[in-house]
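What follows is each chain in one-letter form.
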Amino acid sequence: MTKPLIEVKNLTKNFESIEVLKGINEKIYPGEVVSILGPSGSGKSTLLRCLNLLEVPTSGQVIFEGVDITDKKINLAKHRQKIGMVFQHFNVFPHLTVLENITITPILEKKVSKKDAEEKAMNLLKMIGLEEKAHEYPRKLSGGQKQRLAIVRALAMEPDVMLFDEPTSALDPEMVKDVLDVIKKLADDGMTCVIVTHEMGFAKQVSDRIIFMDEGIIQEQGTPEEVFDHSQNPRTIEFLSKVLY
Amino acid sequence: MEFITEILEVGWKYRDLFIEGTLGTLELAFITVLLGTLLGTLVSILKMSKFKPVSLIASGYIGVIRGTPMLVQLYIFYLFVPEMSAAIKALDLPVYFYITLSLVINSSAYIAEIIRSGIQAVDSGQSEAAKSLGMSNTNVMVRIIMPQAIKNILPALGNEFIMMIKETSLASTFYINELMKTRIILQSTYFLTWQPLFVIAIIYYVLTSLLSKGVSLLERRLAVSD
Ligand SMILES: Nc1ncnc2c1ncn2[C@@H]1O[C@H](COP(=O)(O)OP(=O)(O)OP(=O)(O)O)[C@@H](O)[C@H]1O
Ligand SMILES: [Mg+2]
Chain A
12 MTKPLIEVKN
22 LTKNFESIEV
32 LKGINEKIYP
42 GEVVSILGPS
52 GSGKSTLLRC
62 LNLLEVPTSG
72 QVIFEGVDIT
82 DKKINLAKHR
92 QKIGMVFQHF
102 NVFPHLTVLE
112 NITITPILEK
122 KVSKKDAEEK
132 AMNLLKMIGL
142 EEKAHEYPRK
152 LSGGQKQRLA
162 IVRALAMEPD
172 VMLFDEPTSA
182 LDPEMVKDVL
192 DVIKKLADDG
202 MTCVIVTHEM
212 GFAKQVSDRI
222 IFMDEGIIQE
232 QGTPEEVFDH
242 SQNPRTIEFL
252 SKVLY
Chain B
291 MEFITEILEV
301 GWKYRDLFIE
311 GTLGTLELAF
321 ITVLLGTLLG
331 TLVSILKMSK
341 FKPVSLIASG
351 YIGVIRGTPM
361 LVQLYIFYLF
371 VPEMSAAIKA
381 LDLPVYFYIT
391 LSLVINSSAY
401 IAEIIRSGIQ
411 AVDSGQSEAA
421 KSLGMSNTNV
431 MVRIIMPQAI
441 KNILPALGNE
451 FIMMIKETSL
461 ASTFYINELM
471 KTRIILQSTY
481 FLTWQPLFVI
491 AIIYYVLTSL
501 LSKGVSLLER
511 RLAVSD
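Line by line, the protein sequences give chains A and B. Using the working numbering, read the first sequence as starting at 12 and increasing by one per residue. Using the working numbering, read the second sequence as starting at 291 and increasing by one per residue.
No lab work stands behind these hints, which were simulated from the structure alone. Quick caveat: nothing in here was measured; it's all calculated off a predicted structure. We put the CB at the ideal spot given by N, CA and C, even for glycine. Errors might be hidden in some of the hints.
[Stated by the list, open to error] To give a feel for the contact side, a few chain B residues facing chain A, derived at Cβ under 10 Å:
{"id": "1", "residue": "I309"}
{"id": "2", "residue": "E310"}
{"id": "3", "residue": "G314"}
{"id": "4", "residue": "D413"}
{"id": "5", "residue": "G415"}
{"id": "6", "residue": "A419"}
{"id": "7", "residue": "K421"}
{"id": "8", "residue": "I434"}
{"id": "9", "residue": "Q438"}
{"id": "10", "residue": "K441"}
{"id": "11", "residue": "S459"}
{"id": "12", "residue": "T463"}
{"id": "13", "residue": "V514"}
Construct the entire structure; sequences and hints are all you get.
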C-alpha cells in the first residue's frame with residue numbers, strides 16, 4: 012500500500028474560544044484529487060490552511076511526506092516549497108512583473124539560476140496562454156489571468172501537492188472555466204490536489220474523492236457518486252439540496 | 291492696508307536673516323526626520339517583535355513620547371539630560387546637540403508608528419502567498435512586504451517632515467538657529483514686534499503647502515503601480 016502524502020491526525024483548531032476544527036483525521040494519497048465541500052463557516056478553509064501551517068493547529072499533527080510539520084524544530088519553509096497553494100483572492104505580487112512573480116521564489120529559495128527560472132516560467136506562461144504578458148505588471152491582468160498566474164507561480168516550485176481554496180469564487184462567471192481548465196489539466200496529469208470549492212459540477216467531475224464538512228468535522232466522504240447521488244447523511248443531503256439547482 | 295506694506299517691507303529688508311532662518315528650519319527638520327527614520331525603524335521592529343517584553347518596551351517608548359508635549363521633552367533634554375551624570379557633563383556638548391536629539395527621539399516615535407502601520411496595511415494575503423511558496427521569513431519581509439509598504443510609508447514620512455518644519459519652531463525657545471529665532475533677533479535688535487511674525491507665518495505656509503503638493507504628487511505616482 013502506498014504511503015499517504017499528507018496525513019492529518021486528531022487535528023483541532025480554536026480561534027479564541029471557538030472550536031472551528033473538532034478533531035480531523037484524514038489521509039491524502041499521492042495522485043489523489045480530493046474536493047472538500049460544506050456550508051460556509053464549516054471550517055474548510057481552516058483545514059486547508061492547516062495543511063501548510065498557515066494556520067497553526069491547536070492540537071494534532073499534520074504529517075507531510077513522513078515529516079510532522081507541526082513540529083517547531085523543522086524548517087517549515089522547506090516543506091512548504093512542496094505544498095503549492097492557490098487562494099481565493101489570487102494574492103499575486105503587485106510590485107513584481109508576471110515573470111518575476113513566478114521566478115522570485117525558485118531563485119531566492121532553491122538557488123535556481125535566473126536563466127533557468129525564466130525559461131521554465133516562460134513555459135508555464137505558455138501553458139496558460141500568458142507568455143505575452145510576461146513583462147507586464149499584474150494590474151494589467153484580469154481576475155482569471157491573475158488566478159492562472161497564481162497557479163503557475165505555485166507550480167514553479169515543483170510541488171508534490173496543490174491546495175486550492177475556492178480558486179474561482181472571486182472571478183467573474185466568464186472567467187471561471189479558464190481557471191478550472193487549468194486545474195483539471197493538473198489533476199489529469201497526476202498532480203495531487205486538495206480543492207475547496209463551491210463549483211459542484213467541477214468537483215463531481217474532477218475528484219477521486221469528496222469530503223463533506225460541517226461544523227468542524229468531516230461528516231461524510233466517498234466517491235463523487237456516493238456523496239452526490241447516494242448520500243444517506245441528512246446534513247449532506249440538506250447541503251446538496253441547497254446548492255444544486 | 292498699510293500693515294501689509296509694512297510686513298512686506300520688513301520681509302524684504304531683512305531677507306538675509308529670513309533666508310538663513312528658513313534654511314536652519316529645513317536643515318533641522320531634515321536631520322530630525324532622517325535620523326528619526328533610522329531610530330523609528332528600529333523601534334518599529336522592536337514593537338513588532340514576537341518577544342513580548344521587547345514589544346512592550348517599544349510600545350511604552352512610543353506611548354510616552356506621543357503622550358507628552360514636545361516642549362516638555364525639549365526642556366528635559368535642555369535642562370536635565372546634559373546634567374544627568376558627570377560623564378555626560380564632561381562631554382560638554384552644545385545645546386544644538388541636545389535639542390536635535392530630543393527632536394529625533396520625538397520624531398522616531400511617530401515614525402515607528404508610520405512604519406508599523408505601513409507594513410500592516412499590506413494585505414495579509416501577500417505574506418501568506420509568499421510563505422506558502424516556501425519563502426523564508428526574511429525574504430517575505432524584504433522582497434514582498436517592504437516594497438509594498440514603502441508606498442504607504444513614503445508619503446507619511448513626507449507629512450512627518452511637514453509636521454517637523456512647524457514643530458521645530460519650538461527650538462527657538464533654546465536659541466537654536468531656525469526660522470522662529472529670526473523673530474527674536476529682529477525684536478531684540480530692531481524692536482520689530484509683530485511684522486516678522488507675519489513674514490515667518492507666510493514662509494511656513496508657503497513651505498508646507500508646497501511640500502504638501504509634493505507629497506500628494508508622490509502619493510499619486512506610487513498609487514498607479516497598484
Ligand atoms: N482568523 C480567524 N479568526 C477568528 N475566527 C476565524 C478566523 N478564520 C476563520 N474563523 C472562523 O472559523 C470558522 C470557519 O471558517 P472557515 O473560513 O474555515 O470556513 P469555510 O468553511 O472556509 O467557509 P467559507 O465557505 O465561507 O469560506 C468561521 O466561523 C470563521 O468565522
Ligand atoms: Mg473558506
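Each hint, compared with the structure:
{"no.": "1", "hint": "I309", "in the structure": "41 Å, violated"}
{"no.": "2", "hint": "E310", "in the structure": "42 Å, violated"}
{"no.": "3", "hint": "G314", "in the structure": "38 Å, violated"}
{"no.": "4", "hint": "D413", "in the structure": "7 Å, holds"}
{"no.": "5", "hint": "G415", "in the structure": "4 Å, holds"}
{"no.": "6", "hint": "A419", "in the structure": "4 Å, holds"}
{"no.": "7", "hint": "K421", "in the structure": "6 Å, holds"}
{"no.": "8", "hint": "I434", "in the structure": "6 Å, holds"}
{"no.": "9", "hint": "Q438", "in the structure": "6 Å, holds"}
{"no.": "10", "hint": "K441", "in the structure": "8 Å, holds"}
{"no.": "11", "hint": "S459", "in the structure": "38 Å, violated"}
{"no.": "12", "hint": "T463", "in the structure": "44 Å, violated"}
{"no.": "13", "hint": "V514", "in the structure": "9 Å, holds"}
Figure legend: structure checked against the earlier numbered hints; hints not met, in rising order: 1, 2, 3, 11, 12.
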